[in-house]
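If you want the building blocks of each chain, they are given just below.
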Amino acid sequence: MSADNEIIFQEKIDAGLKIEPKDWMPDKYRKHLIRQISQHAHSEIIGMQPEGNWITRAPSLRAKMVLIAKVQDEAGHGLYLYSATETLGITRNELIHQLQTGKAKYSSIFNYPTLTWADMGAIGWLVDGAAIVNQQSLRRTSYGPYSRAMVRICKEESFHQRQGYEIMSKMSNGTPEQQEMAQDALNRWWWPSLMMFGPQDSDSAHTSNAMKWKIKRETNDDLRQLFVDRTVKQADLIGLEIPDPKLKWNPETKHYDFGEIDWEEFWEVVNGNGFCNKVRINNHINAHAEGQWVREAALAYAEKTQNGV
Amino acid sequence: MSDKNLPIWEVFLQPKTGASFQHAGNLHATDEEMALQNARELYTRRQEGTCIWVVKTEHIVSSSPEDQSSFFDPADDKVYRYPTFFKVSKKAKGL
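From first to last, the protein sequence lines are chains A and B. As numbered in our numbering, the first sequence has no gaps in its residue numbers, which increase by one up to the final residue, 309. As numbered in our numbering, the second sequence has no gaps in its residue numbers, which increase by one up to the final residue, 404.
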């Protein structure tokens with residue numbers, strides 16, 4: 001029976017049909033999705049912290065309003081993705097528990113500190129830019145709820161990248177100090193942004209099934225290349241220099257060649273030894289604990305009123 | 310005290326007046342009022358809707374995918390329900 005199910009399942013995938021929550025799916029497919037979508041959700045939620053750090057110090061009211069709206073979008077994106085994960089039979093509390101105990105990961109990029117206002121530009125331009133490349137590809141993922149969340153997120157995400165690029169472009173056309181700040185932010189965020197696409201295909205533990213099941217539609221390396229090709233021209237346009245002496249247009253492949261990524265640094269940060277790993281999780285634990293009485297009060301109120309639980 | 314999972318609600322949006330409501334996604338809330346307010350914050354930050362419906366997920370009744378073929382079978386062989394089934398003279402206008 002299960003063998004038949006598996007054949008029907010793979011036929012659906014091969015025909016480009018979406019899998020929906022009530023459809024039969026292999027256990028490993030379900031587990032892979034829970035891991036990947038929840039990691040994506042946690043990244044959106046933890047990703048609010050590095051930018052939240054600059055809301056009170058935004059240089060103008062306009063910049064502050066925009067940054068608040070962006071951080072609010074990220075909360076929304078986290079919630080769309082938690083919803084998609086919950087359709088696979090795991091509860092929100094279990095997901096939060098996995099995040100807080102380190103059982104589930106989030107994108108390592110958010111373990112780097114945001115030192116100057118230019119970092120708000122670099123995050124929007126590079127980090128959101130890299131996320132968009134990944135998310136645009138995931139709109140075609142085989143799991144229906146994940147795909148629908150991605151469509152919604154992509155629509156909202158392009159404002160994020162443009163606001164980041166606007167900050168970088170203003171600063172690189174500003175005073176020498178501002179130019180220096182913008183270049184410094186690019187120097188610090190460039191390599192971690194390339195790491196966002198994950199290990200090289202030859203080292204990626206999760207790629208093969210993910211491609212067969214069409215959870216992922218393009219490999220880590222292909223997406224990384226697409227991001228590099230797009231971003232080099234954007235940097236040129238605003239007079240910033242990508243911190244990679246090996247970066248060079250290759251007329252044969254029609255892509256930019258780039259230098260070796262420091263994978264040791266990548267694994268260090270993944271394994272909890274980045275600058276901000278502890279503070280990010282502690283902030284989450286504290287915020288969640290501080291909200292406990294609110295959730296309890298809301299449930300108690302609902303029980304006492306007509307329309308309650 | 311351990312955390313209780315809050316009830317899940319499905320959200321439907323009417324994109325503009327007169328249009329059909331469409332499923333947008335779901336959310337957690339303790340009661341109807343909170344569900345509507347959360348739906349507004351989560352699904353209409355860019356004026357995606359003129360009206361919102363929320364309903365508890367447990368109240369949705371769904372047909373099951375395994376029965377898809379037999380469930381929808383009665384509609385399978387009734388081509389006469391489509392206008393193209395009928396042959397009429399090309400000279401007949403306004404049909």
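I should point out that these hints are in silico values taken from the structure, not numbers from a laboratory. Take these hints with a grain of salt, some might be off.
[Claimed, not checked] One side of the interface only, derived from the structure: several residues of chain B facing chain A at Cβ under 7 Å:
#: 1; residue: Asn314
#: 2; residue: Gln331
#: 3; residue: His332
#: 4; residue: Gly334
#: 5; residue: Asp340
#: 6; residue: Leu351
#: 7; residue: Pro374
#: 8; residue: Asp386
[As the list claims (entries may be wrong)] Once the Cα atoms are required to be at most 35 Å apart in a straight line, the calculated DSBU-like pairs of lysine-lysine come out as:
#: 9; chain 1: A; residue 1: Lys64; chain 2: A; residue 2: Lys155
#: 10; chain 1: B; residue 1: Lys365; chain 2: A; residue 2: Lys214
#: 11; chain 1: B; residue 1: Lys325; chain 2: A; residue 2: Lys18
#: 12; chain 1: A; residue 1: Lys155; chain 2: B; residue 2: Lys387
#: 13; chain 1: A; residue 1: Lys18; chain 2: B; residue 2: Lys387
#: 14; chain 1: A; residue 1: Lys246; chain 2: A; residue 2: Lys170
[Said to hold, decoys possible] For each label pair, taking beta carbons as the anchor points, the in silico distance ranges come out as:
#: 15; chain 1: A; residue 1: Asp229; chain 2: B; residue 2: Leu345; range: 40 to 46 Å
#: 16; chain 1: B; residue 1: Ala384; chain 2: A; residue 2: Pro26; range: 27 to 33 Å
#: 17; chain 1: A; residue 1: Val279; chain 2: B; residue 2: Lys313; range: 27 to 33 Å
#: 18; chain 1: B; residue 1: Lys365; chain 2: A; residue 2: His255; range: 48 to 54 Å
#: 19; chain 1: B; residue 1: Leu345; chain 2: A; residue 2: Gly291; range: 16 to 22 Å
#: 20; chain 1: B; residue 1: Ser372; chain 2: A; residue 2: Lys246; range: 26 to 32 Å
#: 21; chain 1: A; residue 1: Trp293; chain 2: B; residue 2: Phe330; range: 44 to 50 Å
#: 22; chain 1: B; residue 1: Phe330; chain 2: A; residue 2: Ala297; range: 17 to 23 Å
#: 23; chain 1: B; residue 1: Ala384; chain 2: A; residue 2: Cys154; range: 47 to 53 Å
#: 24; chain 1: A; residue 1: Gly16; chain 2: B; residue 2: Leu345; range: 33 to 39 Å
This one's a predicted model, so the numbers in the text were calculated from it and none came from an experiment. Ideal placement from N, C-alpha and C gives every residue a C-beta, glycine not left out.
To see whether the hints hold, each was checked on the structure:
Taking 7 Å as the C-beta cut-off, the interface hint given for Asn314 (chain B) holds, the closest approach to chain A being about 5 Å. Interface hint at Gln331 (chain B): violated, since its Cβ lies 11 Å from the closest Cβ of chain A, which is beyond the 7 Å cut-off. This hint is violated: His332 (chain B) has a C-beta 9 Å from the nearest C-beta of chain A, more than the 7 Å allowed. For Gly334 (chain B), the interface hint holds, the least distance from its beta-carbon to any beta-carbon of chain A being 6 Å, beneath 7 Å.
Evaluation of the Asp340 (chain B) hint against chain A yields a held restraint, the C-beta minimum of about 4 Å falling below 7 Å. A distance limit of 7 Å between C-beta atoms decides the matter here; for Leu351 (chain B) the minimum to chain A is near 5 Å, and the interface restraint holds. Using the Cβ-Cβ criterion of 7 Å, the hint placing Pro374 (chain B) at the interface with chain A is satisfied: the shortest such distance is roughly 5 Å. Checking Asp386 (chain B) against chain A: minimum C-beta separation of about 23 Å lies over 7 Å; hint violated.
With a C-alpha separation of about 22 Å, the suggested pairing of Lys64 (chain A) with Lys155 (chain A) holds against the 35 Å cut-off. Distance restraint check for Lys365 (chain B) and Lys214 (chain A): the Cα-Cα separation of roughly 31 Å lies within the 35 Å cut-off, and the hinted pair is therefore satisfied. For a cut-off of 35 Å, the pair hint linking Lys325 (chain B) to Lys18 (chain A) stands: about 28 Å separates their Cα positions. For the suggested pair Lys155 (chain A) and Lys387 (chain B), the alpha carbons sit about 40 Å apart, so the restraint of at most 35 Å is broken.
At roughly 27 Å between alpha-carbon atoms, Lys18 (chain A) and Lys387 (chain B) fall within 35 Å of each other, so this suggested pair holds. Distance check on the hinted pair: Lys246 (chain A) and Lys170 (chain A) sit about 27 Å apart at the alpha-carbon level, within 35 Å; holds. The given range of 40 to 46 Å is respected by Asp229 (chain A) and Leu345 (chain B), whose C-beta atoms sit roughly 45 Å from each other. Separation of Ala384 (chain B) from Pro26 (chain A) is about 31 Å and conforms to the stated range, judged on CB atoms against 27 to 33 Å.
Distance hint check for Val279 (chain A) and Lys313 (chain B): the Cβ-Cβ separation is about 28 Å, which falls inside the suggested range of 27 to 33 Å. Distance hint check: the CB atoms of Lys365 (chain B) and His255 (chain A) are about 51 Å apart, consistent with the given range 48 to 54 Å. Distance hint check for Leu345 (chain B) and Gly291 (chain A): the Cβ-Cβ separation is about 20 Å, which falls inside the suggested range of 16 to 22 Å. The hint said 26 to 32 Å for the Cβ distance between Ser372 (chain B) and Lys246 (chain A), and at roughly 57 Å that hint is violated.
For Trp293 (chain A) and Phe330 (chain B), the hinted distance range of 44 to 50 Å is not satisfied, since their beta carbons lie about 35 Å from each other. With their beta carbons about 31 Å apart, Phe330 (chain B) and Ala297 (chain A) fall outside the hinted range of 17 to 23 Å. For Ala384 (chain B) and Cys154 (chain A), the hinted distance range of 47 to 53 Å is not satisfied, since their beta carbons lie about 35 Å from each other. Distance hint for Gly16 (chain A) and Leu345 (chain B): a CB-CB separation of about 36 Å, consistent with the stated range 33 to 39 Å.
Violated hints, listed in ascending order, are 2, 3, 8, 12, 20, 21, 22 and 23; each of the other numbered hints is respected by the structure.
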